[in-house]
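Colleague: Here's the letter readout for the chains.
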Amino acid sequence: MDATTQLHWSKMRQEPGWLVRVLDNKAVLIVACLLPAVGLLTVFLTYPLGLGIYLAFTDTTIGRSGYYVGLENFEFLFTDPIFWNAVFFSVFYTTLATIGKFGLGLWLALLLNQHMPFKSFLRAIILLPWIVPTVLSAIAFWWIYDPQFSIISYIFVDVLGWRETNINFLGSEWPARFSLIAANIWRGIPFVAISLLAGLQTISPSLYEAALLDGASSWQRFRFITFPMLLPILAIVMTFSIIFTFTDFQLVYAITRGGPVNSTHLLATLAFQRGIPGGQLGEGAAIAVSMIPFLIFATLFSYFALARRKWQQGEGND
Amino acid sequence: MAYLIKRRDIAGIGAATMLAGTAAAQSNIPTQPATAPRLPIENGATLRMLRPVRFVQPDEEVFRANCARFTQQTGVQVRVDFVGWEDINQQTAVTGNTGAGPDLIIGFGDAPHVYADKLVELTDVAEYIGTKYGGWKTLAQRYGKRHGTNNWIGLPFGASGGPLVWRKSALTEVGFEKPPEDHANYLRLCQALKRANKPAGFALGNAVGDGNGFANWLIWSFGGHLVNEDGTPGINSRETIAALNYLKELYATFIPGTIAWNDISNNRAYSSNELFLTANGVSLYFSLKNDPATAPIAADTEHTLLPKGLASTSPMAGLTLNAMVFKHSRYPNAAKALLQFLLETEQYDPWLQANLGYWAQPLNAYGQSAVWSSDPKVSIFRDTMDTGFWNGYRGPITEGTAAANADYVMVQMCASVASGQATPEAAAREAERRAARFFRRR
Numbered sequence: 001m002d003a004t005t006q007l008h009w010s011k012m013r014q015e016p017g018w019l020v021r022v023l024d025n026k027a028v029l030i031v032a033c034l035l036p037a038v039g040l041l042t043v044f045l046t047y048p049l050g051l052g053i054y055l056a057f058t059d060t061t062i063g064r065s066g067y068y069v070g071l072e073n074f075e076f077l078f079t080d081p082i083f084w085n086a087v088f089f090s091v092f093y094t095t096l097a098t099i100g101k102f103g104l105g106l107w108l109a110l111l112l113n114q115h116m117p118f119k120s121f122l123r124a125i126i127l128l129p130w131i132v133p134t135v136l137s138a139i140a141f142w143w144i145y146d147p148q149f150s151i152i153s154y155i156f157v158d159v160l161g162w163r164e165t166n167i168n169f170l171g172s173e174w175p176a177r178f179s180l181i182a183a184n185i186w187r188g189i190p191f192v193a194i195s196l197l198a199g200l201q202t203i204s205p206s207l208y209e210a211a212l213l214d215g216a217s218s219w220q221r222f223r224f225i226t227f228p229m230l231l232p233i234l235a236i237v238m239t240f241s242i243i244f245t246f247t248d249f250q251l252v253y254a255i256t257r258g259g260p261v262n263s264t265h266l267l268a269t270l271a272f273q274r275g276i277p278g279g280q281l282g283e284g285a286a287i288a289v290s291m292i293p294f295l296i297f298a299t300l301f302s303y304f305a306l307a308r309r310k311w312q313q314g315e316g317n318d
Numbered sequence: 001m002a003y004l005i006k007r008r009d010i011a012g013i014g015a016a017t018m019l020a021g022t023a024a025a026q027s028n029i030p031t032q033p034a035t036a037p038r039l040p041i042e043n044g045a046t047l048r049m050l051r052p053v054r055f056v057q058p059d060e061e062v063f064r065a066n067c068a069r070f071t072q073q074t075g076v077q078v079r080v081d082f083v084g085w086e087d088i089n090q091q092t093a094v095t096g097n098t099g100a101g102p103d104l105i106i107g108f109g110d111a112p113h114v115y116a117d118k119l120v121e122l123t124d125v126a127e128y129i130g131t132k133y134g135g136w137k138t139l140a141q142r143y144g145k146r147h148g149t150n151n152w153i154g155l156p157f158g159a160s161g162g163p164l165v166w167r168k169s170a171l172t173e174v175g176f177e178k179p180p181e182d183h184a185n186y187l188r189l190c191q192a193l194k195r196a197n198k199p200a201g202f203a204l205g206n207a208v209g210d211g212n213g214f215a216n217w218l219i220w221s222f223g224g225h226l227v228n229e230d231g232t233p234g235i236n237s238r239e240t241i242a243a244l245n246y247l248k249e250l251y252a253t254f255i256p257g258t259i260a261w262n263d264i265s266n267n268r269a270y271s272s273n274e275l276f277l278t279a280n281g282v283s284l285y286f287s288l289k290n291d292p293a294t295a296p297i298a299a300d301t302e303h304t305l306l307p308k309g310l311a312s313t314s315p316m317a318g319l320t321l322n323a324m325v326f327k328h329s330r331y332p333n334a335a336k337a338l339l340q341f342l343l344e345t346e347q348y349d350p351w352l353q354a355n356l357g358y359w360a361q362p363l364n365a366y367g368q369s370a371v372w373s374s375d376p377k378v379s380i381f382r383d384t385m386d387t388g389f390w391n392g393y394r395g396p397i398t399e400g401t402a403a404a405n406a407d408y409v410m411v412q413m414c415a416s417v418a419s420g421q422a423t424p425e426a427a428a429r430e431a432e433r434r435a436a437r438f439f440r441r442r
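Sequences listed follow chains A and B, in order.
Counted from 1, the first sequence has number 22 at position 22 by our numbering; the numbering is strictly sequential.
Counted from 1, the second sequence has number 150 at position 150 by our numbering; the numbering is strictly sequential.
Next comes chain A alone, as it looks inside the complex:
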């Protein structure tokens, strides 16, 4: 052991290879890590959206690339009663279905929040309508609403004898619209109920205990504790629910295909009908694009009307 052997231990600090240097560079790292995400977003979100918006300004049909026609598609749609009917029904459908879903869903969530036997089992069952693929439940409802073979008609006509004729659910405008809304509410309740249930369980029991000591009635406890504490999650769930309902396609397409006489077309089904079976890709895209303002409005409404509390934006509550 002498000094010379020890010298071998203190190696010269090696100059790092170019790869190491490149990978140590912060800018390079940022680009490299973001690239996959940006790539995915560009390919699967930005490009289709951009293409859709571009198509809305052309007269493309299936099988023929179109020419730029400016606002011609929109001008036609503005004079098209079927389009306005779809706008009306989309708004009507979304409004009514959302009210129904939230009314019943909140109620269901409150019930499920109680202590009762088989609690987990019941909660799992509640999710069923939401788990079943939409098209399957749509086909089930299609049978339920069938003019000849409806089980509801069967019960009223053959079992109870209350009616002489079958109920014509889908044969005229308003019954068809309400039938679809009922189906949508049935399907949407679990999502709302389970989300709100999650919200309910985050509310500290001590708040209720304090309220009880102050002698609050059950309505007061709901109004001044449950509801305000639930608002943030309500806003999020409602935003999602409105978007899903407004852009609903499968229920309507499987049950009525927009009939009778176009009275149940939503913007989404009308866009598909015009764009794919009708072949007018440009016009279909224009209909789809015209949904964007409604969706932005609905989102902004949920956010600003329901979520205007400071503490939701990360500040302290006062």
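Among the clues, some could well be false.
Said to hold, decoys possible - For each label pair, taking beta carbons as the anchor points, the in silico distance ranges come out as:
id, chain 1, residue 1, chain 2, residue 2, range
1, B, E42, A, F88, 36 to 42 Å
2, B, S379, A, A124, 54 to 60 Å
3, B, G84, A, Q201, 55 to 61 Å
4, B, A68, A, F240, 22 to 28 Å
5, B, E42, A, A27, 54 to 60 Å
Simulated from the structure, these hints should not be mistaken for lab results.
All C-beta atoms in this analysis are idealised placements derived from N, C-alpha and C, irrespective of residue type, glycine included.
Take the given structure of chain A and dock chain B to it, following the hints.
Modeller: For chain B alone, kept in the frame of chain A given last:
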């Protein structure tokens, strides 16, 4: 697309019975002397073909066997892909526009007219086959030839029609031997059926096949038409208004709910003894016949062509198979030779028989095929392609034709009047507005 769901009703049946022995019944197809065009097959040719999926299993088996025989005789490898009915139009569109893909496609009626510029002319084959087999039927000529010319751009392979399907016992009960050909008596029949609680019913919902079939019949049988000969909308006419006024009376006799019907609804109602007169393809009859539970209904079922009304032939247009060869094919002669081969009696007749009447021939001589004598109740379908009507009647066949059909312009005009949502005049104006959009000049 029209009869897609119905196909399943019977898919598979008869597979064993028809093809087990491979030997189809002998038909005596008369031929005339004709000289085949010279089609020197290119060296090393291979072909790829698309066609819609089968109605019945033997369809595919015989079709593949025919192509295999072509390979055997010419050495040209043929690959056939069977495509879903909803997809074939889109795939044709992509093929036509990209100039790549299959060499030939058997698509639906209007496709060759939409892509006429991209197709190889087939006049030589069509003339040879036509001469040899007693001439092309009216509908085949309409779909095969480029509008206003004698140049063939498509070779129709068959059509599927939707005539009246009715219960003999019900009609006898109300004092009719068969459905009358004129509007007044036809209405009387439907009224009598309603009184007897054995109602008629026709789809007025968004049903591509049945809905359009009924709406077209109604308007055409009164002399109306969607498009004028020059391709401008002609729906807003006196004839249309008359037809829609008649519909109001006729609709009152229907079984409730037909406005919500899709393509399968009338099959179900008819099969469960709730509906006694409707219009449908042959699939309904076969599904009844092959289910022991409904066989008595089949025995009581008759087919007749749709009432003529004011027209000279029965106003219905079959869904037509139309073969086309693309210019981008490197082996156009081989492709033409294949189509010619498939239409020759040794190949075509077994195929026709395998289809049990689902597809009716485009050539007169095949009227002698054994398939039409196998079951007298099916023989009516033999004349499907004799009709002087086509989808987009009176106008040239364009992409607007198919689009107006798929967008239910005619069906919704009828349904809005039947449901009382619109007056006949308003409904006709609305249909004209929509048609103007589809048939605008580009």
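Colleague: Work down the list of hints and note, for each, if the structure agrees.
Modeller: Results for each hint:
1. B:E42 with A:F88: 36 to 42 Å: Violated: the Cβ-Cβ distance is about 59 Å, outside 36 to 42 Å.
2. B:S379 with A:A124: 54 to 60 Å: holds, 58 Å
3. B:G84 with A:Q201: 55 to 61 Å: Because 47 Å falls outside the window, the suggested range is violated.
4. B:A68 with A:F240: 22 to 28 Å: Cβ of A68 of chain B to Cβ of F240 of chain A: about 55 Å, so the range 22 to 28 Å is violated.
5. B:E42 with A:A27: 54 to 60 Å: Since E42 of chain B and A27 of chain A have Cβ atoms about 58 Å apart, the given range 54 to 60 Å holds.
Violated hints, listed in ascending order, are 1, 3, 4; each of the other numbered hints is respected by the structure.
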